[in-house]
Amino acid sequence: MFKRIIQDFQKFDWLLCLGVLLLFCLGLAAIYSVSLSQEQADFNDFNKQIVFGVIGFLLLFIISLINYSSWWVHSRLIFVAILSMLTLVLFIGTTVRGTRGWFSIGGLGLQPVELAKVALIILLAKFFSNRFQRFNSSKHVIVSLGIFLAMAIPVMFQPDLGSTLILAGCWFILLVLTGVDKKYIVVLLIIAVVFSMLSWVLFLEDYQKERIMVFINPQLDPLGGGYNVSQSIIGIGSGRLWGRGLGFGSQSQLRFIPEAQTDFIFAVIAEELGLFGVSLVLGLCGLIFYRLIKIAKQARNDFGLFIVLGVMVIFFLHIMVNVGMNMGIMPVMGISLPFLSYGGSFLIACLIMVGLAESVAVHR
Numbered sequence: 006m007f008k009r010i011i012q013d014f015q016k017f018d019w020l021l022c023l024g025v026l027l028l029f030c031l032g033l034a035a036i037y038s039v040s041l042s043q044e045q046a047d048f049n050d051f052n053k054q055i056v057f058g059v060i061g062f063l064l065l066f067i068i069s070l071i072n073y074s075s076w077w078v079h080s081r082l083i084f085v086a087i088l089s090m091l092t093l094v095l096f097i098g099t100t101v102r103g104t105r106g107w108f109s110i111g112g113l114g115l116q117p118v119e120l121a122k123v124a125l126i127i128l129l130a131k132f133f134s135n136r137f138q139r140f141n142s143s144k145h146v147i148v149s150l151g152i153f154l155a156m157a158i159p160v161m162f163q164p165d166l167g168s169t170l171i172l173a174g175c176w177f178i179l180l181v182l183t184g185v186d187k188k189y190i191v192v193l194l195i196i197a198v199v200f201s202m203l204s205w206v207l208f209l210e211d212y213q214k215e216r217i218m219v220f221i222n223p224q225l226d227p228l229g230g231g232y233n234v235s236q237s238i239i240g241i242g243s244g245r246l247w248g249r250g251l252g253f254g255s256q257s258q259l260r261f262i263p264e265a266q267t268d269f270i271f272a273v274i275a276e277e278l279g280l281f282g283v284s285l286v287l288g289l290c291g292l293i294f295y296r297l298i299k300i301a302k303q304a305r306n307d308f309g310l311f312i313v314l315g316v317m318v319i320f321f322l323h324i325m326v327n328v329g330m331n332m333g334i335m336p337v338m339g340i341s342l343p344f345l346s347y348g349g350s351f352l353i354a355c356l357i358m359v360g361l362a363e364s365v366a367v368h369r
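Everything in the sequence shown is counted per the numbering used here, starting at 6 for the first residue and increasing by one.
It is possible that part of the hints are untrue.
Heads up, simulated DSBU-like pairs for lysine-lysine below, C-alpha to C-alpha not over 35 Å straight-line [as the list claims (entries may be wrong)]:
1. Lys53 / Lys16
2. Lys214 / Lys16
3. Lys299 / Lys187
4. Lys302 / Lys16
5. Lys188 / Lys214
6. Lys144 / Lys302
7. Lys144 / Lys16
8. Lys187 / Lys53
For the record, the hints were derived by calculation from the structure and aren't laboratory data.
Construct the complete structure from the given sequences, taking the supplied hints into account.
Written out as structure tokens, the structure is:
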């Protein structure tokens with residue numbers, strides 16, 4: 006048994022794990038810096054993030070040793086379990102910032118939607134890989150849409166618009182990567198536009214509409230809805246080349262940037278570590294994507310290929326939206342930055358995704 010584990014770890018992509026670990030450590034440094042901004046330094050978030058990280062990395066290594074093909078066998082059980090959690094949280098979940106999306110367990114919050122992202126990757130990977138060579142009928146598109154909607158509809162009712170869009174983006178991009186006929190893509194885009202227009206009238210809350218309007222013109226409400234974006238942009242611009250130094254950022258330390266340890270941690274890094282810190286973050290993200298692409302190319306079957314592609318898509322969407330909203334080129338949607346932002350459920354889910362990709366590498 007131990008000999009087999011040693012053999013498996015010889016195939017383990019240590020560069021991918023190193024990139025993830027360095028991003029996590031950089032995130033810890035930023036969270037520590039934000040903790041100093043309190044009147045009395047409070048390192049509770051910092052300490053909890055370390056615990057979340059230890060749990061997440063343990064799960065990463067354990068999952069990497071499990072043959073990823075086993076997730077194919079248990080995909081229905083995964084679907085039922087996650088769907089049950091997403092439904093149950095609507096009735097007994099804890100409401101945080103207007104979203105009923107957390108289970109409160111011993112003072113800690115579990116956010117099922119983060120696990121739903123992992124589940125969606127596995128479910129779509131199974132469905133798409135099973136029909137990869139003949140995926141060109143409306144029936145297949147509709148069934149894949151049904152898998153996505155089963156996850157997305159409960160999330161919409163929380164309501165969590167940002168996570169819903171991440172799930173939608175994951176489904177749509179993976180669908181495109183199957184090589185589906187372009188006519189289906191055009192039809193889906195038309196439906197998306199119509200649905201977006203109807204959502205403005207029927208589904209979007211006032212604060213969500215405000216975020217979109219402020220995104221179009223932040224000066225509409227610079228001290229209200231546009232405040233966080235304006236302060237984030239100021240922080241990013243003031244970092245210059247080398248930054249003000251950890252713990253010395255005016256915007257972050259004087260608490261001008263709201264949600265500095267979660268949604269706007271990129272602005273904290275940009276202000277305190279400057280262009281150097283931003284380049285380091287993006288460079289490590291580039292290393293992670295490079296290693297994931299290499300693993301995808303070496304996957305032994307389409308199921309493994311689509312698992313890695315799904316992981317890449319989720320990471321890409323989170324990075325694009327988070328960095329974009331920090332820079333004021335995307336609306337604020339409460340989307341965290343992988344491995345950097347504070348949050349146990351999201352961090353552990355991201356590390357589980359890396360574990361799935363590592364499993365594809367180990368069992369290629």
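Results for each hint:
With a C-alpha separation of about 31 Å, the suggested pairing of Lys53 with Lys16 holds against the 35 Å cut-off. In summary, the hint linking Lys214 to Lys16 is not supported, as the alpha carbons are separated by about 48 Å, beyond the 35 Å threshold. About 27 Å separates the Cα atoms of Lys299 and Lys187, which keeps this hinted pair within 35 Å; it holds. Proximity of Lys302 to Lys16 is assessed by CA-CA distance (about 15 Å); at most 35 Å being required, the pair is judged to hold.
Using a Cα cut-off of 35 Å, the hinted pair Lys188 and Lys214 holds, with the two alpha carbons roughly 31 Å apart. Taking the CA atoms of Lys144 and Lys302, the gap is near 28 Å; set against the 35 Å cutoff, the hint holds. Distance restraint check for Lys144 and Lys16: the Cα-Cα separation of roughly 39 Å exceeds the 35 Å cut-off, and the hinted pair is therefore not satisfied. Only pairs whose Cα atoms come within 35 Å are accepted, and Lys187 paired with Lys53 is rejected, the gap being roughly 46 Å.
When held up to the earlier numbered hints, the structure conflicts with 2, 7 and 8 and fits the remainder.
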